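> The primary structure of each chain is shown beneath.
Protein chains: 2
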Amino acid sequence: MQMTEQKRPLILVTNDDGILAPGIRALIEAVAPLGEVLVVAPDSPQSGQGHAITIETPIQLSPANIRDGVEAYECTGTPVDCVKLATNVLLKGRKPDLCVSGINHGSNASINILYSGTMSAAMEASLEGIPSIGFSFLNYSHEADMSTGKSISGKIVRYVLENGMQDALLWNVNIPDMPFDQIKGIKIARQAKGNWVEEFQEGTNPRGTKYYWLTGKFVNEDNRTDTDLKVLEDGYVSIVPSWHDLTHVKALASNKGIEGMAL
Amino acid sequence: MQMTEQKRPLILVTNDDGILAPGIRALIEAVAPLGEVLVVAPDSPQSGQGHAITIETPIQLSPANIRDGVEAYECTGTPVDCVKLATNVLLKGRKPDLCVSGINHGSNASINILYSGTMSAAMEASLEGIPSIGFSFLNYSHEADMSTGKSISGKIVRYVLENGMQDALLWNVNIPDMPFDQIKGIKIARQAKGNWVEEFQEGTNPRGTKYYWLTGKFVNEDNRTDTDLKVLEDGYVSIVPSWHDLTHVKALASNKGIEGMAL
Numbered sequence: 001m002q003m004t005e006q007k008r009p010l011i012l013v014t015n016d017d018g019i020l021a022p023g024i025r026a027l028i029e030a031v032a033p034l035g036e037v038l039v040v041a042p043d044s045p046q047s048g049q050g051h052a053i054t055i056e057t058p059i060q061l062s063p064a065n066i067r068d069g070v071e072a073y074e075c076t077g078t079p080v081d082c083v084k085l086a087t088n089v090l091l092k093g094r095k096p097d098l099c100v101s102g103i104n105h106g107s108n109a110s111i112n113i114l115y116s117g118t119m120s121a122a123m124e125a126s127l128e129g130i131p132s133i134g135f136s137f138l139n140y141s142h143e144a145d146m147s148t149g150k151s152i153s154g155k156i157v158r159y160v161l162e163n164g165m166q167d168a169l170l171w172n173v174n175i176p177d178m179p180f181d182q183i184k185g186i187k188i189a190r191q192a193k194g195n196w197v198e199e200f201q202e203g204t205n206p207r208g209t210k211y212y213w214l215t216g217k218f219v220n221e222d223n224r225t226d227t228d229l230k231v232l233e234d235g236y237v238s239i240v241p242s243w244h245d246l247t248h249v250k251a252l253a254s255n256k257g258i259e260g261m262a263l
Numbered sequence: 001m002q003m004t005e006q007k008r009p010l011i012l013v014t015n016d017d018g019i020l021a022p023g024i025r026a027l028i029e030a031v032a033p034l035g036e037v038l039v040v041a042p043d044s045p046q047s048g049q050g051h052a053i054t055i056e057t058p059i060q061l062s063p064a065n066i067r068d069g070v071e072a073y074e075c076t077g078t079p080v081d082c083v084k085l086a087t088n089v090l091l092k093g094r095k096p097d098l099c100v101s102g103i104n105h106g107s108n109a110s111i112n113i114l115y116s117g118t119m120s121a122a123m124e125a126s127l128e129g130i131p132s133i134g135f136s137f138l139n140y141s142h143e144a145d146m147s148t149g150k151s152i153s154g155k156i157v158r159y160v161l162e163n164g165m166q167d168a169l170l171w172n173v174n175i176p177d178m179p180f181d182q183i184k185g186i187k188i189a190r191q192a193k194g195n196w197v198e199e200f201q202e203g204t205n206p207r208g209t210k211y212y213w214l215t216g217k218f219v220n221e222d223n224r225t226d227t228d229l230k231v232l233e234d235g236y237v238s239i240v241p242s243w244h245d246l247t248h249v250k251a252l253a254s255n256k257g258i259e260g261m262a263l
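For the protein sequence lines, the chains are A and B, in the order given.
Here this note's numbering is used: the first residue of the first sequence is 1, the next is one more, and so on.
Here this note's numbering is used: the first residue of the second sequence is 1, the next is one more, and so on.
Calculated directly from the structure, the hints in this document are not laboratory data.
Check the hints yourself; a few may be wrong.
Repeated chains share a single entry, so a pair holds when one copy, or any two copies, can fit it.
[Said to hold, decoys possible] Calculated pairs, DSBU-like style, for lysine-lysine (alpha carbon to alpha carbon, straight line, at most 35 angstroms):
| # | residue 1 | residue 2 |
| --- | --- | --- |
| 1 | LYS193 | LYS230 |
| 2 | LYS92 | LYS217 |
| 3 | LYS210 | LYS250 |
| 4 | LYS210 | LYS155 |
| 5 | LYS250 | LYS193 |
| 6 | LYS184 | LYS230 |
| 7 | LYS155 | LYS193 |
| 8 | LYS210 | LYS193 |
| 9 | LYS210 | LYS230 |
| 10 | LYS217 | LYS95 |
| 11 | LYS193 | LYS92 |
| 12 | LYS92 | LYS184 |
| 13 | LYS7 | LYS230 |
| 14 | LYS256 | LYS193 |
| 15 | LYS95 | LYS256 |
| 16 | LYS217 | LYS250 |
| 17 | LYS210 | LYS256 |
| 18 | LYS155 | LYS92 |
For clarity, every value in this text was computed on a predicted model and none was experimentally measured.
Isolated chain A (complex conformation):
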């Protein structure tokens, strides 16, 4: 009699900090015991790339050596390119059971989901019908201890593989920068309204041309108690179920007036 082998779930891993970042190494360690893992990540840091795709130039893929038993590639494109290449070229015809992106070095709570390559890669997979989770750890340093991030992401991935996601295909997970045993729990939350108060560092380059270098401070403009920023502040992991639909539903009715304008 032959034993039926249970098929292990296929997990696609990507990020935006590049394949060498400690965050993606921690995520791979967390998910490797849970399924078959394919890694396709940028060959260089791609923070702030948002949902950028590479149209005007070709991109390249090279095999990368990351962990025994894990197939991995580095890609010259953006995080979204990585997902498109994985699903359309490397996995032609086979759909991952889950896509995980991160662990990002720094928060992607609130409107940072819009700028984030980590979240855009996860969003791209969700557009293709793949349940996807972006993980971010609230410490920008590449020297930060990723053990809390690794434990939390492993537990969340296991939960989703066992229980699925409901309605949404995309979770934006942010993890507070504290020791694992101090995390109070997990909260489902809303995307907070916040904003960057920008400043540009101005200077003059060696050729005498003025330049501007982006810097800024993030400001929470939301006083609701169920937002990602609030639950993070309270010591919880935040999960914002997210999606691709930017329609402002309330405004559909209130902006109808323009339909009567004579052309």
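Given chain A's structure and the hints, the job is docking chain B onto it.
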């Protein structure tokens, strides 16, 4: 007795096809009679840049000569960078009354809002509290006749300056590729669910390395009658009131189960 001069509205103009594209020229012609105009646009094409920002390198601004009486700059950064530089450096302390982005060469209906530099620039201005409109014309060619796009965008801008927007601060406007007198009207619409069926053109470069070049076909997966794709197909200009909040509201309740998971 001195006449009181009515202050003209300040209109910020940007795009993602670059300052030399015919689309932004048409948009500038359309809005120049309606207010004081400041143009800050990328110095090269930035299609598909999504909400990318430039973090790792400085960016530069140079004055550009576009039209008598119009202050214009070209910027080495992304469309979102252009808006940040305009509001934080060039207009320090003065808020535009309106931001317009485009006219994009090609559709930004449905999920293309996510990939679009045109729409991300408008989104960025809306995050800063500025009413913003992204205009796209359903013809990718830079040789296309932009007269319909110019007429429609001029009329919509005039309407918004006179009547304002309700609830939303961001409109995604798409304009069918047809003569002006054949446009049936304007419809407020929802973002359609659609997707790119991707293919990569594969090849080998002169150094013998394999490359992949993105191509694909867009597929409408939505059969609702009030979507942007549907009203465009029917010959109407579509306006999707849009915003920054990606929270999947329905999924907030249905995903609560994970809050009970033991850490």
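> Among all the numbered hints in the text so far, which are the ones the structure does not match?
3, 4, 9, 12, 13, 17
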